[in-house]
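Enquirer: As a plain string of letters, each chain reads:
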Amino acid sequence: MENEQSEIIKITNLMKIYDTGKIKVHALNGVDLTISSNELVAIMGPSGSGKTTMMNVLGCLDLPTKGEYFLDGSNVAKLSENDLAAIRNKKIGFVFQTFNLLARTSALKNVELPMVYAKVPAAEREARARAALESVGLGARMYHMPNELSGGQQQRVAIARALVTNPSIILADEPTGNLDSRSSEEILMIFQDLNAKGKTIIIVTHEPDVAQHCKRNVVFKDGRIIADKQVSERLNAAKVLENMPVAQWMENGNNGNK
Amino acid sequence: MEISELIRVSFISLSANKMRSILTMLGVVIGVAAVVAMISIGEGAKGLITKSIEGMGTNLLFVMAGQQKVGMGGHGMGSSQTLLLEDCDAITPATCPAVSLVAPEISKGASVKSSNKNTMTQIVGTNHLYPVVRNTNVAKGSFFTHVDVLIQRKVAVIGSTVVDNLFPNLEPVGKEMTINRIPFTIIGVLETKGQSGFTNVDDQILIPVTTFQKRVFGLNYLRNINVQVRSQDDMDLAQTQIENLLRKRHRITDPDNDDFTVRKQTDMLNRMNDITSAFTLLLGGIACISLLVGGIGIMNIMLVSVTERTREIGLRKALGATKFDVLTQFLIESIVLCVTGGIVGILCGIGMSYAISYIGNWNTSVSTNSILLSFGFSFGVGLFFGIYPANKASNLNCVEALRYE
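Residue numbers (my numbering), protein chains in the order written: chain A, 1 to 258; chain B, 1001 to 1405.
It is possible that some hints are incorrect.
Unchecked claim - Taking lysine-lysine and the DSS-like style, the derived pairs with C-alpha atoms no more than 27 Å apart in a straight line are: (1) A:90 to B:1323; (2) A:66 to B:1113; (3) A:119 to B:1140.
Unchecked claim - What follows is a set of in silico ranges between Cβ atoms, one per label pair, in the way DEER data are often shown: (4) A:139 to B:1008: 38 to 46 Å; (5) B:1395 to A:119: 21 to 29 Å; (6) A:148 to B:1023: 24 to 32 Å; (7) A:231 to B:1296: 56 to 64 Å; (8) B:1019 to A:83: 40 to 48 Å.
Claimed, not checked - Examples of chain B residues toward chain A, derived with CB under 10 Å: (9) 1015; (10) 1320; (11) 1323.
Please keep in mind that the hints were generated in silico from the structure rather than gathered at the bench. Here the structure is a predicted model, which means the values were calculated and not measured. Don't be surprised by glycine CBs; every beta carbon is placed ideally from N, CA and C.
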């Protein structure tokens, strides 16, 4: 990629304090983080470490109490609610643990959704949604409803939806949390694939195995970053899939759907 | 989000809970149907009255006994005995140049007997000019003449309802009958006019006014005088001329003490229109209450829907929906619900009004206005009762909504 070293995310001294009245909870307590384009970062940490809050702030779903957050050059810590909606729409692609597809709405229409809010004309919307679905290998299932798709397929629809607006970052919150190991590998393979094509991806996870697929691991504890390291022995999802015994996939296959 | 997309999405989410949507809509359907049907009843009554007043004749003035104050609460009109046949005779083109024809009128209920049947009906005393002035034609036989009036002849012209009651399947002209035991000869039958407002003009018997006063009821007063004016433009002139003449005859100096009232046909029309409008308003108002109840049902279901779809709202916001996007989505949904209900309700209301006119034998008229009104009203109900739930949805916190279970 060009701009190999450009900073997509620059966070300085970020604080998020939840004031419950009696006590103040410092969910984020002075976080400094810089993420460059074409990174594949895993944000890790135990429950209550602040990684979910970090994810909400990164995704512009929530505003920090203090500190600065530059996303793609603009300081989102100071934006209005409508501007944040526009940032979420154009610069961030979300992938959730529970997929969050609209029920009774075809895969194609689900992928079109962010473009509907971006006011893309209908014809272009459909063409781009088709291309995105094909890129995650669901070209044959565009008109399926979410309840007619397996968990892994639903998550792939969600990834297509995240991709389709061509965002600056893709933010995935426990994307494999509800999937069996084979579907998980397939999803991680798609992420690695996208990353290889230049996408910046941030995965929030508590599974070391998932983190091992990423290029860089950032570990949170008590609202601070306690470790930030490059992954030395990176797993290649495609290779893992190749070596995965079929029997195991069949054993776990049933867990993955719900 | 463009409007077509919004409507498409709202149909999808409404059809997800078909039974619930239909039941919710039912409230609006019933409300709108009631509004359309009730207004059509009121409008029907209005149309009927307008038709009957216009059917009375053209360029008519009515001189009535007793004073009628401005407004509705006049007492004594028609029941005073201050208007005499001499007053009627005094109103001529010579004394009041704007007047062309004059016909006196007095009426009373009486029992009428043919050879083997009897009935109660309205006896009207008038003169030979009544058919011209009141636009009433004789279908069979003839009307009585000026001479008949002068010599107090006992001849009668009867309405078609009286024919049906006294002479079913018989030729009435030339037959004998008695009015209060006084024998009369039937010389003519009036053309059928049909139910006219609240009175049936076919259920009456016309006899010479002199016969009415002297031979049958022993009276000397009139209820009113029907005056036909030369032309439409002379209505006010004729009114002044008649008022001046009668004041002179009755020795009245102050118009406030008038013992008669001159009323134009258009005044009567306006007055009756006021009454029927009030009637329509009352019926429509009652129907609107059911529409209101339907609207509250809509709000209730929309609130349930917002709660149920909290995660969806969170997701939409995460994907870039603004507050306004979410607000319009839920507003459109409640409007779609109401307007669909409104359209069904309008169809039901039209059906109901036809059923009422068919079964109840009551004229109804469905006006475009009432359809537009109820359509607009159901749109308004959707908007008004949709705002609160939609606003609630748009204000949901994104993070909490996404984690809502």
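Enquirer: State for each hint whether it applies.
Expert: Now the hints, each set against the structure:
1. A:90 to B:1323: Between residue 90 of chain A and residue 1323 of chain B the Cα gap is close to 16 Å, so the pair holds against 27 Å.
2. A:66 to B:1113: violated, 104 Å
3. A:119 to B:1140: Violated: residue 119 of chain A and residue 1140 of chain B sit about 78 Å apart, past 27 Å.
4. A:139 to B:1008: 38 to 46 Å: Since residue 139 of chain A and residue 1008 of chain B have Cβ atoms about 24 Å apart, the given range 38 to 46 Å is violated.
5. B:1395 to A:119: 21 to 29 Å: Check passed, 23 Å falls within 21 to 29 Å.
6. A:148 to B:1023: 24 to 32 Å: The hinted range 24 to 32 Å holds for residue 148 of chain A and residue 1023 of chain B, with Cβ atoms some 29 Å apart.
7. A:231 to B:1296: 56 to 64 Å: holds, 59 Å
8. B:1019 to A:83: 40 to 48 Å: holds, 41 Å
9. 1015: holds, 8 Å
10. 1320: Hint holds; residue 1320 of chain B Cβ to chain A Cβ min 2 Å, cut 10 Å.
11. 1323: holds, 6 Å
Of the numbered hints stated above, those contradicted by the structure are hints 2, 3, 4, listed in ascending order.
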